[in-house]
Amino acid sequence: MSHSRLVEGLDSRGFSLIEVMVAAVIAVIAVVGLAFTFSSGRGLIDRYATARDALEAAERRLEVLAMKARKDPADPDLAAGSHGPFALTLNRNPTGAEFWNVAWVDDPVDDAGGDAEPGDYKRVRVTVFWSQAGILDSMTLSRNYLGP
Amino acid sequence: MEIVIVVVLAGIVTLGLVGFYLQSQSMWMDASTQALAQRDATGLVEFIRSRTSSAASALVTPVPPDSLNFVLTLYDASDNETNRFAWSATDSLVHHVEGGVDKGAVGTVIVERFYVTVDPLLPLVNLDTLRVRSTSGERVKIASSFALYNGTPQ
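Protein chains in written order, with the working numbering: chain P, 328 to 475; chain W, 434 to 587.
Excised from the complex, chain P in its bound form (with noise of 0.2 Å):
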């Protein structure tokens, strides 16, 4: 008798082929967009090797006008003021260009009677800017050297 009123509580006509039509359209709809967030997740990685390549750039700027700094701190890259851009390759994207900006900075230690030189030490931003999958990307380092 239970097994009768089962049998009967069964819908016999299945789906028809709209529904599984919908259904495969829907799982396609999804695999595709399953795809889309692995090929970003690829993207992002490759985004990321550049932007490892731009911060040693940026390092690399840096320590050249620290030892330059040191060297002559009236050295012409060191002049404040804006230096570059620069074209750079940065992990074989030709797209990378560096600019570094050096101004002086006031240090308020020495101000107390009056300051005759503001220009205390220099502080330097290196920027690395580079595009990627049509994107701007950019990164900026500073560090502060001492003045002439």
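Hints are computed from structural coordinates only; laboratory data are not their basis. Ideal Cβ positions, reconstructed from N, Cα and C, are used throughout, including at glycine. Treat the hints loosely; a few may be bogus.
Computed Cβ-Cβ distance ranges for the label pairs, DEER-style [claimed, not checked]:
hint, chain 1, residue 1, chain 2, residue 2, range
1, P, Ile-356, W, Thr-562, 36 to 46 Å
2, W, Pro-497, P, Ile-356, 56 to 66 Å
3, W, Asp-535, P, Leu-473, 33 to 43 Å
4, W, Pro-497, P, Asp-434, 48 to 58 Å
5, W, Ser-500, P, Ala-460, 30 to 40 Å
6, P, Ala-439, W, Arg-472, 45 to 55 Å
7, P, Ala-439, W, Val-530, 46 to 56 Å
8, W, Ser-569, P, Thr-364, 12 to 22 Å
9, W, Glu-479, P, Ala-407, 24 to 34 Å
10, W, Phe-453, P, Ser-458, 26 to 36 Å
11, P, Ala-351, W, Ser-569, 30 to 40 Å
12, W, Ser-459, P, Val-436, 56 to 66 Å
Model the placement of chain W on the given structure of chain P, informed by the hints.
Then chain W, alone, in the frame of chain P:
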């Protein structure tokens, strides 16, 4: 007729799902191994930087047979060797040698190019090319410079 269409559609969707799974696994492997290679490359660069900053001078010597890779030797102010970073043709890894003892490879990623030059006037060590290859074949390139802060500019 309907059952045939349903079977065909189910087959297409199944094939798509299998293809997607294989493709995503491949992409996942490529991406993760590349991320590991990038991490190892950055780790190697920063490790060299940490040792170079306390050195006074440096010397680079090419590694035979092609001289495309180098050994970087760091010295203190008394001209005593402090650290050495040697690209090994045996395992294509950069080994750290301290006190004459090989401390082993820095990282596990294959280093295809370790091209280093020294600017004795500033003084500065230029890592012109560090190119590493992930296990899935992806290549990552990094370049940097390291100041010899205990050196004397000339």
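- Index of numbered hints that the structure contradicts, given in increasing order: none
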